[in-house]
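K.L.:
Here is how the chains run, residue by residue.
Number of protein chains: 2
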Amino acid sequence: MPKISSKGEHMPASPIRKLTPYADQAKLEGKKVYHLNIGQPDIETPEIMLNAIKSIDFKVWAYTPSEGTLSYRKKLTEYYNKLGYNISPENIIVTNGGSEAITVALQTCLDSGDEVIIPEPFYANYNGFACMGDVIVKPILSHIENGFALPPISEFEKLITEKTKAIMICNPNNPTGYLYSNDELSELKDLCIKHDLFLFSDEAYREFCYDNREFRSPMHLEGLDEHVIVLDTVSKRYSACGARLGCMITKNKEVINSALKFAQARLSPGMVAQIAGTAAVDTPSSYFEEVNQEYTERRNILVNSLNKIDGVFCPNPGGAFYVVARFPIDDADKFCQWMLEKFSYNNQTVMMAPATGFYSTPGAGKDEVRLAYVLNKQDLKEAMVCLEKALLEYPGRTESKKLKAESL
Amino acid sequence: MPKISSKGEHMPASPIRKLTPYADQAKLEGKKVYHLNIGQPDIETPEIMLNAIKSIDFKVWAYTPSEGTLSYRKKLTEYYNKLGYNISPENIIVTNGGSEAITVALQTCLDSGDEVIIPEPFYANYNGFACMGDVIVKPILSHIENGFALPPISEFEKLITEKTKAIMICNPNNPTGYLYSNDELSELKDLCIKHDLFLFSDEAYREFCYDNREFRSPMHLEGLDEHVIVLDTVSKRYSACGARLGCMITKNKEVINSALKFAQARLSPGMVAQIAGTAAVDTPSSYFEEVNQEYTERRNILVNSLNKIDGVFCPNPGGAFYVVARFPIDDADKFCQWMLEKFSYNNQTVMMAPATGFYSTPGAGKDEVRLAYVLNKQDLKEAMVCLEKALLEYPGRTESKKLKAESL
Numbered sequence: 001m002p003k004i005s006s007k008g009e010h011m012p013a014s015p016i017r018k019l020t021p022y023a024d025q026a027k028l029e030g031k032k033v034y035h036l037n038i039g040q041p042d043i044e045t046p047e048i049m050l051n052a053i054k055s056i057d058f059k060v061w062a063y064t065p066s067e068g069t070l071s072y073r074k075k076l077t078e079y080y081n082k083l084g085y086n087i088s089p090e091n092i093i094v095t096n097g098g099s100e101a102i103t104v105a106l107q108t109c110l111d112s113g114d115e116v117i118i119p120e121p122f123y124a125n126y127n128g129f130a131c132m133g134d135v136i137v138k139p140i141l142s143h144i145e146n147g148f149a150l151p152p153i154s155e156f157e158k159l160i161t162e163k164t165k166a167i168m169i170c171n172p173n174n175p176t177g178y179l180y181s182n183d184e185l186s187e188l189k190d191l192c193i194k195h196d197l198f199l200f201s202d203e204a205y206r207e208f209c210y211d212n213r214e215f216r217s218p219m220h221l222e223g224l225d226e227h228v229i230v231l232d233t234v235s236k237r238y239s240a241c242g243a244r245l246g247c248m249i250t251k252n253k254e255v256i257n258s259a260l261k262f263a264q265a266r267l268s269p270g271m272v273a274q275i276a277g278t279a280a281v282d283t284p285s286s287y288f289e290e291v292n293q294e295y296t297e298r299r300n301i302l303v304n305s306l307n308k309i310d311g312v313f314c315p316n317p318g319g320a321f322y323v324v325a326r327f328p329i330d331d332a333d334k335f336c337q338w339m340l341e342k343f344s345y346n347n348q349t350v351m352m353a354p355a356t357g358f359y360s361t362p363g364a365g366k367d368e369v370r371l372a373y374v375l376n377k378q379d380l381k382e383a384m385v386c387l388e389k390a391l392l393e394y395p396g397r398t399e400s401k402k403l404k405a406e407s408l
Numbered sequence: 001m002p003k004i005s006s007k008g009e010h011m012p013a014s015p016i017r018k019l020t021p022y023a024d025q026a027k028l029e030g031k032k033v034y035h036l037n038i039g040q041p042d043i044e045t046p047e048i049m050l051n052a053i054k055s056i057d058f059k060v061w062a063y064t065p066s067e068g069t070l071s072y073r074k075k076l077t078e079y080y081n082k083l084g085y086n087i088s089p090e091n092i093i094v095t096n097g098g099s100e101a102i103t104v105a106l107q108t109c110l111d112s113g114d115e116v117i118i119p120e121p122f123y124a125n126y127n128g129f130a131c132m133g134d135v136i137v138k139p140i141l142s143h144i145e146n147g148f149a150l151p152p153i154s155e156f157e158k159l160i161t162e163k164t165k166a167i168m169i170c171n172p173n174n175p176t177g178y179l180y181s182n183d184e185l186s187e188l189k190d191l192c193i194k195h196d197l198f199l200f201s202d203e204a205y206r207e208f209c210y211d212n213r214e215f216r217s218p219m220h221l222e223g224l225d226e227h228v229i230v231l232d233t234v235s236k237r238y239s240a241c242g243a244r245l246g247c248m249i250t251k252n253k254e255v256i257n258s259a260l261k262f263a264q265a266r267l268s269p270g271m272v273a274q275i276a277g278t279a280a281v282d283t284p285s286s287y288f289e290e291v292n293q294e295y296t297e298r299r300n301i302l303v304n305s306l307n308k309i310d311g312v313f314c315p316n317p318g319g320a321f322y323v324v325a326r327f328p329i330d331d332a333d334k335f336c337q338w339m340l341e342k343f344s345y346n347n348q349t350v351m352m353a354p355a356t357g358f359y360s361t362p363g364a365g366k367d368e369v370r371l372a373y374v375l376n377k378q379d380l381k382e383a384m385v386c387l388e389k390a391l392l393e394y395p396g397r398t399e400s401k402k403l404k405a406e407s408l
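Protein chains in written order, with the UniProt record's numbering: chain A, 1 to 408; chain B, 1 to 408.
FYI, nobody ran anything at the bench for these hints, they're computed from the structure.
The beta carbon of each residue, even a glycine, is placed where N, CA and C say it ideally should be.
Among the hints, a few may not be true.
Stated by the list, open to error - The calculated label-pair distances, taken between Cβ atoms and stated as ranges, are: (1) A/Leu70 with B/Ser285: 34 to 44 Å; (2) A/Glu162 with B/Leu392: 43 to 53 Å; (3) B/Asp330 with A/Asn257: 47 to 57 Å; (4) B/Thr398 with A/Asn81: 46 to 56 Å; (5) A/Glu289 with B/Gly113: 28 to 38 Å; (6) A/Leu70 with B/Asn257: 36 to 46 Å; (7) A/Glu214 with B/Lys59: 50 to 60 Å.
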């Protein structure tokens, strides 16, 4: 039998999806499972976008240009220039989801063995994308105690080698929800200029900033045009994860020209998705206001409930729709699996993503879990009751953490 | 300024799309351009598929499972089992276009530096996909004189090293239109078993076989279950290139399990595309009969017209909707560019793909051009008149070839 690649062997399984068989089994046994594991929002897609799909009037479902249709890129330019990105359609390559934007950016900028520095915990699939291109991820620990703020620049400096080609951030952050400040971005700017590095800015959650905090992008920084590559998607912005429509944006012409060759190899992004994406840019601002109000309330419920649970600590993040919380447990992977396999309360349980999958440093995040607040408020409350009971029952509960919490 | 990757520098530009700026310029100058360069059929997408798009009734455009929805994979199973593939939904991973099926298969089976043997000329983007994963393509020349039949197995044997992991074929072939026979596939089977190699079978053009010739897949061969990976797409089958919907199929469980990890990293194929793809399986057989009738007539027009032109030789292929023809020219790249930049006849010209882009051996295919018969018959005829005039006028015309043709 022919052997698969060592890449294929070592490719990490998704920490978000790997517990799915246990959840399926729990459901077969009649348990209700609250899905806080995955970033699939329950928010409705804007009607304007769905209507655009229903109104297609072409006869041939044809390829579009590899970089995306000009009409979609023009419309996107409108959207981004309202944010002050000051771009033109030539700065955009439309991709099959944000995922493809990330892989194309990595391929364009990093060779096999090259290194990208990423503050951890980070979006787990960065590991997978890096594995595809034999790129090395160099993680820098950020800490739950300060809400996962940007680690000191001196920590980045320590990791920079001849092989370092880029820094990657996700802002607001998945999985921590942390929203980077202008000062933090300015520090990264100086670092990237000093060491001539690309700055990849994954902005999938741009629209989700709470408490009147303002989103800032490296695109807003002067003098960084040749360094910044924005990686974006409509998935979360319009609750349209199934559209598989993203883009990469850069003012670096050499990067665009090279990225276009990768885009040409896979021919085209989806045509219907681009039609819908074009319409989506006209989504009324009231949609986002309502959605952000809803997410703010959910975040408040989740963070308050979590911090009330004995032994649990959860920072209050400024954006996205995730939190990473510390639980009084021995092993987040074991705990999350146990929740599905062994535990139930009123025939209900909660599915969460062990934070270990979001760290690259072995052993890090072992007592942390990512929760996505993508369920309605009532379900979130029920899920938190369930979680509290589970933490009391879980055989791997760590007393030290419990005591620490009690002493607060 | 940060430097792009050497991969990004060396990534080949699409030979099909790289002349586009010249075509755009020709159109600006008011010329009519007959596009025989690209495999974008003008055939209408089945109504059943378009109606499925218009009838979507979901509220949240959500992720689907990474391997594709069960309902789509079940429906696909129906389609493939009618062909005698004898598969179940677990053998399928749905992808964003056939392109993603190819990249996932390569990543799953080949590491950086590993080799895949491909008869050339081959689909140009295989070079790009290989470049993405630092995989080495080892080409084997097939020859226009015998219609680009499978080269002798002894030629494959000569290329096999420790690094050889797979053989890749495209059947019916893009760019040559050659349809592999059962005997040829059997020879490949023996070779793959002897050397324990994967056999990648790109079957994008399966539905397009002419003159009552039967399509045969390596899936029909016994004893090859662990070796065969079928790479497929709905793009050509249903004239739905813009759907970006493909799949990989294999009975090798280790391959499926590993491929699923790559699929999980990019989260999901498109949801609307899968809904449309599910409907498409019920496309009435009359659709395919009409389409094949149309393509047969077009092929006959194209092949007959080409062979009537002084100095031109074109085999009569059994499938797909391409031909590779030999022209009495010094350099196909120069000629195709010249056609757009310098030539016009009645204010018309023809865009074709130089065959050089479909060869990996330097210098091969220099007097060959790929033509796609994706235009209606009248346009094809006009394009051939245009081409004949162009070959008479082209300053790089080679007299030796002309003489050879005259002596036939």
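K.L.:
Which numbered hints does this structure break?
P.N.:
2, 3, 5 and 7
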